[in-house]
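So the protein sequences, as listed, match chains A and B.
Going by our numbering, 490 is the number at position 490 of the first sequence; the sequence numbering is gapless.
Going by our numbering, 1143 is the number at position 143 of the second sequence; the sequence numbering is gapless.
Simulated from the structure, these hints should not be mistaken for lab results.
It should be emphasised that the depicted structure is a prediction, and the values quoted were computed from it without experimental measurement.
Errors might be hidden in some of the hints.
[Unchecked claim] Here are the simulated lysine-lysine pairs, DSS-like style, with alpha carbons at most 27 Å apart: (1) A:K377 <-> B:K1285; (2) A:K256 <-> A:K189; (3) B:K1344 <-> A:K48; (4) A:K48 <-> A:K162; (5) B:K1344 <-> B:K1318; (6) A:K377 <-> A:K324; (7) B:K1277 <-> A:K440; (8) A:K382 <-> A:K347; (9) A:K347 <-> B:K1376; (10) B:K1318 <-> A:K324; (11) B:K1376 <-> A:K377; (12) A:K382 <-> B:K1200; (13) B:K1235 <-> A:K377; (14) A:K29 <-> A:K189; (15) A:K377 <-> B:K1391; (16) A:K440 <-> A:K382; (17) B:K1376 <-> A:K382; (18) A:K440 <-> A:K142; (19) B:K1200 <-> A:K347; (20) A:K180 <-> A:K29; (21) A:K147 <-> A:K162; (22) A:K129 <-> A:K159; (23) A:K324 <-> A:K382; (24) A:K347 <-> B:K1235; (25) B:K1277 <-> A:K142; (26) A:K324 <-> A:K201; (27) B:K1391 <-> B:K1318; (28) A:K129 <-> A:K142; (29) A:K377 <-> B:K1318; (30) B:K1318 <-> A:K347.
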Amino acid sequence: MTALLEMRGIGKSFPGVRALNRVDLRVEKGEIHAICGENGAGKSTLMKVLSGVYPHGSYEGEIAYDGRTMAFRGIRDSEAEGIIIIHQELALVPLLSIAENIFLGNEVATRGVINWPLAFQRTEALLRKVGLSEAPTTPVEKLGVGKQQLVEIAKALAKDVKLLILDEPTAALQENDSQKLLDLLLELKAHGVTAIIISHKLNEIRRIADRVTVLRDGSTVSTLAREDVSEERIIRDMVGRDMAHRYPERTPQIGKVLMEVRGWNVGHADQPRQMIRDAGFSVRRGEIVGIAGLMGSGRTELAMSLFGRSYGRYLSGEATIDGKPADLSSVSRAIEAGLAYVTEDRKVLGLILDEPITSNISLANLAGVASGWVLGKGRENKVAEEYRRALNIRTPGVHQRVVNLSGGNQQKVVLSKWLFTDPQVLILDEPTRGIDVGAKYEIYAIMNELAAQGRGIVMISSEMPELLGMCDRIYVMNEGRIIGELSREEASQERIMGLIIRDGNVNREHAA
Amino acid sequence: MTSAINTLRVQLGGNLRENGMMLALLAIVFFFLVVVRAVQDVDFLSAQNITNLFLQNSYVIIMALGMLLVIVAGHIDLSVGSVAAFTGAVAGTLTVYAGWPVYAVIPTVLVVGALIGAAQGYWIAFWRIPSFIVTLAGMLVFRGLTLWLLAGQNIGPFPRAFQSLSTGFIPDIFGVDRPNVTALVIVVLAIAGLVWRSLKSRNQDIAFGMEVGSSAMFWLRNCLIAVALLFVGWKLASFRGLPNVLIVMSVLIAAYSFFTNQTTTGRRIYAVGGNEKAARLSGIKTERLVFLTFVNMGVLASLAGMIVTARLNSATPKAGVGFELDVIAAVFIGGASMSGGSGKVVGVVVGALIMGIMNNGMSIMGIGIDYQQVIKGLVLLLAVIFDVYNKNKQG
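Chain B with its partners taken away, still in its complex shape (with noise of 0.2 Å):
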């Protein structure tokens, strides 16, 4: 088993926690693809449908961003769901009760999330007080909050402009429409982009003699994800094109992955998070950089809140319950240490797809939400008890 394990870590790249994610990923779908058709006659990988996976899930993956530098510098944050309600219903009431147009809203409701953000983050990061203890009584508050600004109703309908945040797509400026040739191109574009990143990164690693796996296995990887952006994107080009959401989102991976991994701030985070007394003493302003976390996370939530409302068009007191849970359960399957320190993009983001898709395909599948939370209970905790017996066989 041991030897087994060695063999697989070694052809998986010596990455086997970020590619054994991704063939998860893949089983995942090509079981609901087999399944979803022999149980209810219906293709898994529909346009349709895979148009509905980017919109139901994009928020999920927009807070998981900011959730994992909250989780890497140390922290949790319980309260996204509750400020991604409250934030929803401050859009509603300027929207629908105020007037105001959507330019102005958007980045009203964004600077109110990044105050939320500051007010829970400030007494956790100045005044120590436990992140647990404070985002708790966040999600209380910001629910609470929710509840009187609504007066207990849903808020809506939105003007269209507002609901394209969430339910608009990128129009073809080539005018072929089917397939959606701006879609393609972007698509193509972006693909061009990660193979050219990913090769760069891998030659950097080469030169400075890190190992790596075989350039065969790192070809295959490469391809494969190519093939299956290229699918989704045809298929997405062939339906009504790249929702606004899903560039927003992938604006958003991208400039967050580039953060983590390529920044001094970002590296300053995941040394507070790896030994926050190390990292003062090495001249790093702790405080400072827990606090902006947090800011980081309301602005994040607060956009998410937007694009759940736009999406539903209506503000309700119900939205976003739960949230919090699918984002720290995205943030850990995709590899995050409880105790801070680590933690990568491409993770989390897999690591919420593969929540996203299991939630759609059993719902397809027609399977109670009763079985559903227990299947996915168990999906979190066996990822992080591979992740524990991996660490254990490495130290």
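Looking at chain A on its own, in the form it has when it is part of the complex (with noise of 0.2 Å):
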């Protein structure tokens, strides 16, 4: 074998971090090769390094590349060479067309002059090959997340690309689209297709990737070939600990009914349909409820209509927690009620990113740093310090911005800000999504401890294993309805696609 892609002794500085150490990568022609490492590890870095955005000479080490050294100065000049890269965040204008996006910066033209024919029919033949039937003219935001991904790929195909980079493609897409998307890796695969994919997915790297490259804090730690691929052995090549159990060990002690919610139904904000129908569900003390369902299903519209009615038109339904009648209807409300909702998007809806942790904790809850209306500085930074030590967030100091911290650090500074409110109850959305390995450890330790305080813990997630790994019961809902509850002992992922696939039979068929 030949190798497409070697980089050599690949050093990063910033000022203050040593985002890479010494890095080593090889990628052999017409393999997919999976990078792997906890966050923070230095994988996105790397690709900056290998993509140009750090131009030659702002790192150390060599990069060749089909034999040749490389000394890239920016991302025209890397894919001038057919190296691609797409990142997490699309890069697609939402509100130009499919056509429009795939030739951007590349169009089909003579003299500025766009031949659009050309360029749909060129369009056409690239989407086939990428498996979608969508008009080349449809707008991008009209398209799910999971074909934009797809459209992304056409994009990189439309340059001739030789070697494909993906940074965890399949991080926002739901099961069926990222099996979709793994399939048209390979068949690319067939057609001579280099391809490196960042995932923190490890049945996915099992499935597509023919060896694997782990990093852990900026250096490379190991390569393995695909025979040589195990769970364990990845995870402790990324945390560099062996990992006993994948979700800590527990003893629920379960009490009596915490929160109840009865007959809930909750309306689009601006349109009349209906999102929510009839939902309900109950919480005990000390018990780990679980919501699974597929994106879309309404588990988020659910909680934030909950949660001080931060999602649609409230229609009707009834709340209470601790067998009194809950006041729900604002957010201040809802908090004084005891309830609390982290959310799945930390970025953009759980914190400020510019300001450091201390005033990120203490953002639902200023009376308990106040006294009255004046803020007491010194008693905001113990309260950050102790979370800062009982929810071990590793940061140099209380006063870092969140902006800095790696994205298990940023979830335990939103569940901090909510335990400073001392909720009851407390949602959790997608607790564990787009964190490495051993942080999630470490916030199903902080679920197993917070119920063992008597608190109640709703976790909604995708991620099926996690669910049947932690929860006590698990609710099913599809298309704003509840439509079951499983016991631990009766919850399987077969059972739960089951219930869901069969409510998407009798929904179709009451429809005809």
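Now that you have both chains on their own, put them together as the hints suggest.
Laid out in structure tokens, this is it:
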């Protein structure tokens, strides 16, 4: 085999941080090469070095590509060589059409005049390759995230890609979209496209990758061939220690009913559609309850509509906490009633990124660090310091701005913020999304600890193994309704999917 | 270059922005001191000119305090110049035509300002109409209402009591008068208060394990500030004492500094500008806060309107033209972020002083209004470029 890409001894420093120490990466021609590592291990930085985002001279080491030593000065240089990177945050212009996006900056034009018929023709050919049947004139914003991802790949193909780099391509995708994407990668591989895929998801790595390189703290730890890949091995290399169990031990001590929701109906914010129908569920003290469902099944909408009517139009329904009717009509009242909602989108909805840890933690309970109207900065610091220690937030200090923390540590800051409101019931929406294996374990341990204190936990998650591993009971949602309830013993991935699929069939029959 | 900046950053006590601004202010003053003497043989730091500087710039600083909150909350207010003119006209009408006494006029006009702020803030906060549009409309509406109310005429003159709002001075209760001992006592007390507060906050920062500059740097900075204030105080005392408007302005600066740093409401405004959605999901009533920042802006604009009217001793349809630009420029030179969520009172005051001193110095030098505008524009641009450059270096 010949190497398409060889990166040797790559090092990169930022003021105060050594992001890459000594990374070696060898990618063979025609393989799918996975890169894993905890957040902050240097995966994205490495890919930015490779694609020329950090120009030659700003890093140490050398890059050999196709047998030649490369000195990229920018993205254009690397794209000219057929190295295309698809970032986690997609770089599509929502209001432009698929065709316009695919040829953006690379227009099918003679002397600045675009040849639209030819552009559409080529777009159609590219879309077929990635398995999309949309018209080339469709605005990208009309597509779901999964299809947008495919458009990105079509865009890469338009640029005559030789080495395709995907940064966590399935992070925002549902199960079946992920499968489609992985299939497409295998197909591209058959056509000779080499790919590097950055991923946290070990099952998908095992499915498509020929070899895996594990990074830790800015250095290469190991490169494993497919046969040697096992979950335990990769996790050990990633975190630098063995992980006996994926989910921490817990002996549930379940008390009486803490929160109960009955007949909850919610309409869409500005359309006549009803989004949540007659939903009801309960949580007991010390219990961890899961809500499973596909994306778009209304889990987040249910949670946010409960939390101070932050989603949609309230139609009807009631909630009790500790047997008493709970006033959830505004966020501040919901907080007062003892409810907390930890969002799935911590950067957009959970944190003020430019502010330090201290003021993020105190945000939902400023009264707790103030005397009357006047803030007690000393108290605020003490509180932040306590949570830093209790939740093991890894940071040089509590005055660090949150934007500088890794995903797992940011999540702990959001959790701290809500713990500081001393909630009875916590709704955690995708609490481990986008965070690495080690931090996940810590989040699970925190959840167990909270349950042990007699609080009620509601966990919304798209990762079924996580729900099965953590929850005492699981509700299944579909199309805005709760369609089933499974005990820990009854629950399995098959049963949950079965409920959802059968429910879909029933609805279709009704409609017909 | 980078390492030089980094060293500088450490040297300046981890607070490059604020200390850098003060150094820039000092440099500009020094520049004018030398050049004005050389070119016009005038003392730039004469008692009279220092007094003038405060009289000319107080209203910009007062409005910039309100504008800081508006900008921190993620909005903008283009109407402040027109609102100041309109409220000045209202004050003129009430005083000159209706013969109201000053103690009735001032609160009435402040309420009018609050109502104007509420009227604009209502659409911005509760209807989510972009503040740029609402206040652009306000700028036209209140300029037009000013012309209408004044029927295109100037109104004046004003009774002495109203004029003293801008041109009055604190009398010497010790009866010495030259120098004005009261002024000196107030200045010394103010300096003591300032040093005590910054020492307290430094000790607090150390106790929290925050990065602070060297203690030599701290004392150097405080000594420089103290000397500068003493010098200004002495000059003012040896002339006519402290202008009333300086007292009003100082009290407001102290109050807003406290409000933004130490109160829950202040903190919440920063949160709204930093991430409105996260703030709302944390139980903060974001709409109400945005509404209140505009009410506050209206009150301060009306106060500024009365001060300008008192200074000119007439309410004129042309009052306050272009004020909004000076005020907004001062806030951005002072380091506030365009996207909201950051900005400090100290920065805004220094930013406004830089603009004011440049206006004054260039006028004394006899530089034409054409070049003045060019230079001010470039200073604004440079200050913001400096900010962005710095932020990129850190990130």
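Structure-based check of all given hints:
| no. | hint | result |
| --- | --- | --- |
| 1 | A:K377 <-> B:K1285 | holds (22 Å) |
| 2 | A:K256 <-> A:K189 | violated (55 Å) |
| 3 | B:K1344 <-> A:K48 | violated (35 Å) |
| 4 | A:K48 <-> A:K162 | holds (17 Å) |
| 5 | B:K1344 <-> B:K1318 | violated (31 Å) |
| 6 | A:K377 <-> A:K324 | violated (36 Å) |
| 7 | B:K1277 <-> A:K440 | holds (25 Å) |
| 8 | A:K382 <-> A:K347 | holds (24 Å) |
| 9 | A:K347 <-> B:K1376 | violated (38 Å) |
| 10 | B:K1318 <-> A:K324 | violated (63 Å) |
| 11 | B:K1376 <-> A:K377 | violated (38 Å) |
| 12 | A:K382 <-> B:K1200 | holds (18 Å) |
| 13 | B:K1235 <-> A:K377 | violated (38 Å) |
| 14 | A:K29 <-> A:K189 | holds (10 Å) |
| 15 | A:K377 <-> B:K1391 | holds (25 Å) |
| 16 | A:K440 <-> A:K382 | holds (26 Å) |
| 17 | B:K1376 <-> A:K382 | violated (45 Å) |
| 18 | A:K440 <-> A:K142 | violated (33 Å) |
| 19 | B:K1200 <-> A:K347 | violated (34 Å) |
| 20 | A:K180 <-> A:K29 | holds (23 Å) |
| 21 | A:K147 <-> A:K162 | holds (22 Å) |
| 22 | A:K129 <-> A:K159 | holds (14 Å) |
| 23 | A:K324 <-> A:K382 | violated (34 Å) |
| 24 | A:K347 <-> B:K1235 | violated (52 Å) |
| 25 | B:K1277 <-> A:K142 | holds (24 Å) |
| 26 | A:K324 <-> A:K201 | violated (43 Å) |
| 27 | B:K1391 <-> B:K1318 | violated (40 Å) |
| 28 | A:K129 <-> A:K142 | holds (20 Å) |
| 29 | A:K377 <-> B:K1318 | violated (46 Å) |
| 30 | B:K1318 <-> A:K347 | violated (47 Å) |
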